[in-house]
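Asks: In order, the protein sequences belong to chains A and B.
Counting from 1 along the first sequence, just add 36 to a position and that's the residue number in the working numbering.
Counting from 1 along the second sequence, just add 36 to a position and that's the residue number in the working numbering.
These are calculated hints, taken from the structure and not from any lab test.
Keep in mind that the hints are not guaranteed to be accurate.
Because identical chains share one entry, a pair is satisfied inside a single copy or across any pair of copies.
When the alpha-carbon atoms are kept at most 20 angstroms apart in a straight line, the in silico SDA-like pairs for lysine to any residue are as follows [claimed, not checked]:
hint, residue 1, residue 2
1, K185, D146
2, K185, E251
3, K41, H156
4, K41, P203
5, K41, N201
6, K41, R240
7, K41, A262
8, K41, L264
9, K41, S316
10, K41, Q56
11, K41, E314
12, K185, D85
13, K41, A230
14, K185, D216
15, K185, E133
16, K185, Y135
17, K41, D276
Protein chains: 2
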Amino acid sequence: MLTIKTIAEMQAWAGASQRQGRRIALVPTMGYLHEGHLSLIRLARERADQLVVSLFVNPTQFAPNEDFDRYPRDEARDAALCEAENVDVLFQPPVDEMYAPGHAVYVDEDGVARTLEGAHRPGHFRGVLTVVAKLFLAVHPDVAVFGRKDAQQLWLLQKMVRDLNFPVAIAAGPTVREPDGLALSSRNAYLEGALREQALCLSRALREARRRFQEGERNAYLLRGAMLDIISAAPDARMDYIEIVDAETFAPVAVVNRPALALLAVRVGGTRLIDNMELSEGAAS
Amino acid sequence: MLTIKTIAEMQAWAGASQRQGRRIALVPTMGYLHEGHLSLIRLARERADQLVVSLFVNPTQFAPNEDFDRYPRDEARDAALCEAENVDVLFQPPVDEMYAPGHAVYVDEDGVARTLEGAHRPGHFRGVLTVVAKLFLAVHPDVAVFGRKDAQQLWLLQKMVRDLNFPVAIAAGPTVREPDGLALSSRNAYLEGALREQALCLSRALREARRRFQEGERNAYLLRGAMLDIISAAPDARMDYIEIVDAETFAPVAVVNRPALALLAVRVGGTRLIDNMELSEGAAS
Numbered sequence: 037m038l039t040i041k042t043i044a045e046m047q048a049w050a051g052a053s054q055r056q057g058r059r060i061a062l063v064p065t066m067g068y069l070h071e072g073h074l075s076l077i078r079l080a081r082e083r084a085d086q087l088v089v090s091l092f093v094n095p096t097q098f099a100p101n102e103d104f105d106r107y108p109r110d111e112a113r114d115a116a117l118c119e120a121e122n123v124d125v126l127f128q129p130p131v132d133e134m135y136a137p138g139h140a141v142y143v144d145e146d147g148v149a150r151t152l153e154g155a156h157r158p159g160h161f162r163g164v165l166t167v168v169a170k171l172f173l174a175v176h177p178d179v180a181v182f183g184r185k186d187a188q189q190l191w192l193l194q195k196m197v198r199d200l201n202f203p204v205a206i207a208a209g210p211t212v213r214e215p216d217g218l219a220l221s222s223r224n225a226y227l228e229g230a231l232r233e234q235a236l237c238l239s240r241a242l243r244e245a246r247r248r249f250q251e252g253e254r255n256a257y258l259l260r261g262a263m264l265d266i267i268s269a270a271p272d273a274r275m276d277y278i279e280i281v282d283a284e285t286f287a288p289v290a291v292v293n294r295p296a297l298a299l300l301a302v303r304v305g306g307t308r309l310i311d312n313m314e315l316s317e318g319a320a321s
Numbered sequence: 037m038l039t040i041k042t043i044a045e046m047q048a049w050a051g052a053s054q055r056q057g058r059r060i061a062l063v064p065t066m067g068y069l070h071e072g073h074l075s076l077i078r079l080a081r082e083r084a085d086q087l088v089v090s091l092f093v094n095p096t097q098f099a100p101n102e103d104f105d106r107y108p109r110d111e112a113r114d115a116a117l118c119e120a121e122n123v124d125v126l127f128q129p130p131v132d133e134m135y136a137p138g139h140a141v142y143v144d145e146d147g148v149a150r151t152l153e154g155a156h157r158p159g160h161f162r163g164v165l166t167v168v169a170k171l172f173l174a175v176h177p178d179v180a181v182f183g184r185k186d187a188q189q190l191w192l193l194q195k196m197v198r199d200l201n202f203p204v205a206i207a208a209g210p211t212v213r214e215p216d217g218l219a220l221s222s223r224n225a226y227l228e229g230a231l232r233e234q235a236l237c238l239s240r241a242l243r244e245a246r247r248r249f250q251e252g253e254r255n256a257y258l259l260r261g262a263m264l265d266i267i268s269a270a271p272d273a274r275m276d277y278i279e280i281v282d283a284e285t286f287a288p289v290a291v292v293n294r295p296a297l298a299l300l301a302v303r304v305g306g307t308r309l310i311d312n313m314e315l316s317e318g319a320a321s
């Protein structure tokens, strides 16, 4: 496995690969890899000849009051995990390589990026779209793989690819969960003691919404109410939002009569967690 | 000469060219080509194996009150001129090919794009950066050529390439002028009767600033004052701005002790014109 730290070297490697007719897959990560990341890496492995994993904790997607400084990091373990998955290149640029002093050009979206995560984390998606645009222009992937746990991010990246004409296919991997239902997240490392158990309120709420949906409930307000009841029962949980959106447009819906997503963001103690689940006729439970 | 109207076909052509190891040059234009454009096309011709000229009047860089609808167009003449310059591809997408309904992802810059042209034309540079990013991702040029008449645009495009890692070299062509000094612009077509003569106030003001600079004047306020005197003497001319900026940072300067640009935007009758000139020890007059 090759470790590359500069954009110029990454672009040179990608150009050489493509001149040889090899397809490149990219899995962008912020490191502290868990089984969710590894499932994306395996999915990417099947889709291309050369597999690049980027490892970059992107400062521009954290607001000043957020957890950039204490975001969990373990670069040696990440590298060993990538090596074991036959990753070809670990792209691990320093912050000042990705953002030179005076960096001022950003990619942003005008609609959906202001809602849900974007409303609670101003500037978050501007940071995400900008860093992914930069990664795409550094790595030149034919396909890039993202997880469905960050459903709004996934939607916005697909929108960016379409609106700006990136010649990149976006593939999505399913959310990986602990046996008890908790969606895997690097931030789960923050959950101590009783908070770990209370964090189950997110997946429980989503499963309750799905159960009611499967039993015929289509009123989004009642589905959201059922979710809120479960969140409110956890003493240290505070919701940021509980919403049901159209899966295609990401607009909030009042009645679920097309494929939809139930999404929530909840603060459990000091840890902010997100999760989502599909609500559609054919969705698995 | 091939005419291409869709992004997918443009990307396919570019990919095939690059697999053959051919270098692509791009000259983005809004059409109604004049000798300034042709000089950029000739410069691009020397820099690459395959020459693409794009012809797209970009609606997103016009404010609602501006001249998008009446911007001069002559597609048949433009095509004939490109053919005569041995252009390989004329990329001429319709508006709805470049901006599908619901388009919402933009590229923007946070600092210099708010000043000068950006202050007087809110959203202008967001439109410019977005369309050029899209053209770069459609055409995959190795080099793209822009004119120095749009000096702030040139600076921002160089900034975009650096900040987002576009693997594109930016080349700049000199401003081409009429024999009497008027900088060539498609908008000169709007100048009727006595306004054509009054429009010379821009180049006269810049030449006066340069003459004083060459005689030793370094105080930017006095240089700007000399320019304003000349603009004010034209009865139908109204300045939007007269400024002197550092050529490297595009920040306004009080004293010209490093290479600088004198820039102005002036409304002559109903026609808004811009021009600029370099102020530096070695600059030609």
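Asks: Confirm or reject each hint.
Replies: Status of the hints after comparison with the structure:
In this assembly of identical chains, K185 and D146 lie within 20 angstroms of each other by CA distance neither inside one copy nor across copies; the values are 22 angstroms within and 31 angstroms between. With identical chains, the CA atoms of K185 and E251 are never at most 20 angstroms apart, being 24 angstroms at best within one copy and 66 angstroms at best between copies. For the homomeric pair K41 and H156, neither the shortest alpha-carbon distance inside one copy (32 angstroms) nor that between copies (41 angstroms) is at most 20 angstroms. In this homomeric assembly, K41 and P203 come within 20 angstroms of each other (Cα to Cα) only across copies, at 17 angstroms, whereas the closest approach inside a single copy is 24 angstroms.
Within a single copy, K41 and N201 get their C-alpha atoms only as close as 27 angstroms, which misses the 20 angstroms cut-off; across copies the closest is 14 angstroms, which meets it. Within a single copy, K41 and R240 get their C-alpha atoms no closer than 41 angstroms, and across copies no closer than 51 angstroms, so neither meets the 20 angstroms cut-off. Taking identical chains as interchangeable, the C-alpha atoms of K41 and A262 are never at most 20 angstroms apart, the minima being 48 angstroms within one chain and 51 angstroms between chains. Neither within a single protomer nor between protomers do K41 and L264 lie at most 20 angstroms apart by alpha-carbon distance, with minima of 45 angstroms and 51 angstroms respectively.
Taking the closest pair of Cα atoms, K41 and S316 never come within 20 angstroms of each other, the shortest separation being 43 angstroms inside a single copy and 38 angstroms across copies. In this assembly of identical chains, K41 and Q56 lie within 20 angstroms of each other by CA distance neither inside one copy nor across copies; the values are 22 angstroms within and 29 angstroms between. In this assembly of identical chains, the alpha carbons of K41 and E314 never lie at most 20 angstroms apart, being 38 angstroms within a copy and 38 angstroms across copies at closest. When the C-alpha separation of K185 and D85 is checked against a cutoff of 20 angstroms, the pair qualifies neither within a copy, at 26 angstroms, nor between copies, at 45 angstroms.
Proximity of K41 to A230 under the C-alpha cut-off of 20 angstroms is found in neither arrangement, the shortest distances being 40 angstroms within a copy and 60 angstroms between copies. Taking the shortest Cα distances, K185 and D216 sit within 20 angstroms of each other inside one copy (16 angstroms), while across copies they are farther apart (64 angstroms). For the identical chains of this complex, K185 and E133 are neighbours neither inside a copy (28 angstroms) nor across copies (32 angstroms), given an alpha-carbon limit of 20 angstroms. In this assembly of identical chains, the alpha carbons of K185 and Y135 never lie at most 20 angstroms apart, being 27 angstroms within a copy and 29 angstroms across copies at closest.
In this homomeric assembly, K41 and D276 never come within 20 angstroms of each other (Cα to Cα): the closest approach is 37 angstroms inside a single copy and 46 angstroms across copies.
In this structure, the hints that do not hold are numbers 1, 2, 3, 6, 7, 8, 9, 10, 11, 12, 13, 15, 16, 17, in rising order.
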